[in-house]
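Chains as they are written, first to last, in full-length UniProt numbering: chain A, 1 to 106; chain P, 1 to 555; chain C, 1 to 166.
Honestly, the hints are just simulated from the structure, not real lab data.
Don't take every hint at face value.
What the hints assert, rightly or not - Within a straight-line C-alpha distance of at most 20 Å, the following computed DMTMM-like cross-link-like pairs (lysine to aspartate or glutamate) qualify:
id, chain 1, residue 1, chain 2, residue 2
1, P, K248, C, D53
2, A, K62, P, E100
3, P, K97, A, D65
4, P, K97, A, D34
5, P, K273, C, D78
6, P, K77, A, D103
7, P, K97, A, E20
8, P, K77, A, E20
9, A, K62, P, E34
10, P, K97, A, E22
11, P, K246, C, D78
12, P, K97, A, D17
13, P, K477, A, E22
14, P, K248, C, D78
15, P, K246, C, D53
16, P, K77, A, E22
17, A, K5, A, E51
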Amino acid sequence: MAVVKRPPFPVILVANDLVEGEVIFAAEHGWTRDVRAARVANDAEAAQALEQFGAAQARACKVVDAYLVDVEIEAGVPVPRHYRERLRTLGPSHRLDLGKQADFHL
Amino acid sequence: MYAYDELDRQIVRERVAQFASQVERRLDGSLTEEEFRPLRLKNGVYLQLHAYMLRVAIPYGGLSSRQLRQLALIAEKYDRGYGHFTTRTNIQFNWPKLREIPAILGLLADVDMHAIQTSGNCIRNTTTDCFAGAAFDEIEDPRPTAEWIRQWSTLHPEFDWLGRKFKIAVTATQQDRAVLRGHDVGVRIVRNAAGETGYRLYVGGGLGRTPMEGKLVRDFLPRAELLGYLEAILRVYNLEGRRDNKFKARIKILVHEIGLEAFRAQVEAEYSKVVAAAPAPDLREFERITASFDAPDFADLPEVSRKLEQAQAADPDLAQFVARNLFRHKKKGYVALTISLKSIGGAPGDATAEQMRAVADLAEQFSFDQVRVSYKQNLVLPHVRRDDVPEIFAVLKAQGLATPNVDLITDIICCPGLDYCALATARSIPLAQTLSRHFADPDKQKEIGELSIKISGCINACAHHHIANIGILGLEKSGGESYQITIGGDPGDQYALGELLGPGLPASAVPEAIDRVIGVYLDARRQGETFIETYRRLGVTPFKAAFKEIADAVA
Amino acid sequence: MLLLDRNGAKPDPFIAVETLDDAPGKNVIDAFASVDALLAAGPAQAAVLAPNDLDAEDFAPYLDRLALIAIRFPSATDGRGFSLARQLRRLGYKGVLRASGPLFPDQFPQALACGFDEVEIPDANAARQPVAQWLAALNRVTLSYQRDYARGATGPASILDRRARS
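Make the full structure from the sequences, and use the hints.
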């Protein structure tokens, strides 16, 4: 079996809610819209558990496009390393009144 | 406007119910995401960076007041109070929920609108000149032809699973205002030596990863033969276009790889069989469509409006607006008036629900109930009396819609970029806002004159950056956003792809780089020369040299 | 595999044979590449399974001797088969046209409109999308803007014909 290519640790699992479309993150239990509550995986075993959770939730028609995103922990909060993923945790950068940045005062 | 009949209404209603069923079957697992994705795309539903996005069709850019008000209602009720007008003259809502989209489609159907084929590998919204039906220089109104194509291509059972998307544009003027040569098929309405009206067809144009110029495939096609000939082109493309690589699946690659002559031979061979099977195409449907377009009851007016002249003399802002935002109408005393959606520092093409309603009211009162969307992401009131311009200007000004910058450097075309789009590699809106503020000074804009800036957030080129006078392409470079600049592109009769000036720059360096490019132009231009004319005379070399100083400084 | 036409599921009257020696007297389906050998073997009825990238003209010499032509759809999104079916009908093919591959119910009316009579789908797809969904898909859009794409009385009514009559 081919080696699964994963981003470097730590990682979080991001997906879209199938019905709402909104970006969500795997939390300790279920999903959260707030990246600060995302479950952080620091090793292969924890990352695999996240992936399995995402795949099962996709099969159950709860989410789409679940994948791992590598983060840095800044002041205890996971922050994606890539600017694209960072935008997904916040919202449109020219409209700070919209998206998660507005909802959660990020 | 084309007036729907009961059959048009019924098919749209049925399509809404069909989509509702598709959503249900997705949620219960009958359809996998892989199966559902093309189905939702063919109904304009994308899954974007933050949420679903719904792209609503505005066929050839035409809206009635009632339709525009319905879009405002949808923006408020199901979105965040605004919409984004696109270069395909459609409108996008950025925050709908999947389970609410059937209801939104129902609201659209209430006003004879839909989201059919606004995405997916099928025939997309047909576009045309934003001044269609009003322009002084058109052979005829191109909208009946566009509507004829719309109906023929809607839910076409054979051409719904093409190798890639397929875009058609129609124009009826000498001056190309519809980017004809940037389309899979460009349809030009022409008259032949015998005085008959027919079509000149270009094929295989397109932007994106491999930009190409459309090539002349038929110099004159009698009107009655248009749909049969399009059928032949589409069938050849559907059968022969590449399916092994989605980046090489557009018709432009087929035409390029087998050559125009071989492509034309295949199309003509297929067309002869189409003709043999259905030998006598008639114009009944075209004539029915043409008759269903309402003909505005224009008044006989004097060429000059004293009222407007006096108002202009008293108000320099109005005078500037008149100088920039009016287009010559075929009827004496009327003008086509462009409403710029490019306020200084705004997001290009965005309009709030309140602005949409204000424009709808103006259209109802002053423009025979008509609004047009232009591919430059502005709105147009096509039939306005010169006498009414001061009153319209006052309303627009109160709504922040009176920016007098049509075709100037701040009239920036811009895709949503990475602030919304899942495909984007970099943001585009913030850079457009920065440049708009950078060049905000009206005197500076006037001094620079006509110049187009177009910013795409990825290589798919939704903002047409290749054919901008100054094109900007946002890419990812070493984990950050980087912007490549091309110059010398032209979307019109002297169709040209821009030349790359050098390596990509960070967003912060782009304004200065453009300053340098414009500096070369201002220093070298001759009396009356626009940027693109100076560029054509000088070539790219002096611009590259000026650009290099900036590129070297940030490297 | 689930085989169905506009009336619902149906048994496949054609069988694949180990060797063409077994063909005489039977209804046999074989790859189009072997069509000459198949016809020479003397089956009761001959059918072929063809890829979707052939020229319609390649079939011309055989049309009146083939009871069924199955066109393979390598994926649901590869629409070449729709145009190929249309061309085969235009060439005058009167036998059964079968679309074979992982299509889904919303494509069923499109397949019929282009000249197919039936579809054959993998079991995994049929498990998610039972026959009832396929039949329901036929009646969702009852109108069509095209002329000459409806076969028989059961397809969508052409808006053009309706308008011409009114």
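Tested hints:
no., hint, in the structure
1, P:K248 <-> C:D53, "17 Å, holds"
2, A:K62 <-> P:E100, "16 Å, holds"
3, P:K97 <-> A:D65, "16 Å, holds"
4, P:K97 <-> A:D34, "18 Å, holds"
5, P:K273 <-> C:D78, "24 Å, violated"
6, P:K77 <-> A:D103, "18 Å, holds"
7, P:K97 <-> A:E20, "5 Å, holds"
8, P:K77 <-> A:E20, "15 Å, holds"
9, A:K62 <-> P:E34, "15 Å, holds"
10, P:K97 <-> A:E22, "8 Å, holds"
11, P:K246 <-> C:D78, "12 Å, holds"
12, P:K97 <-> A:D17, "10 Å, holds"
13, P:K477 <-> A:E22, "28 Å, violated"
14, P:K248 <-> C:D78, "15 Å, holds"
15, P:K246 <-> C:D53, "17 Å, holds"
16, P:K77 <-> A:E22, "17 Å, holds"
17, A:K5 <-> A:E51, "12 Å, holds"
Checked against the numbered hints given earlier, the structure breaks hints 5, 13 and satisfies all the rest.
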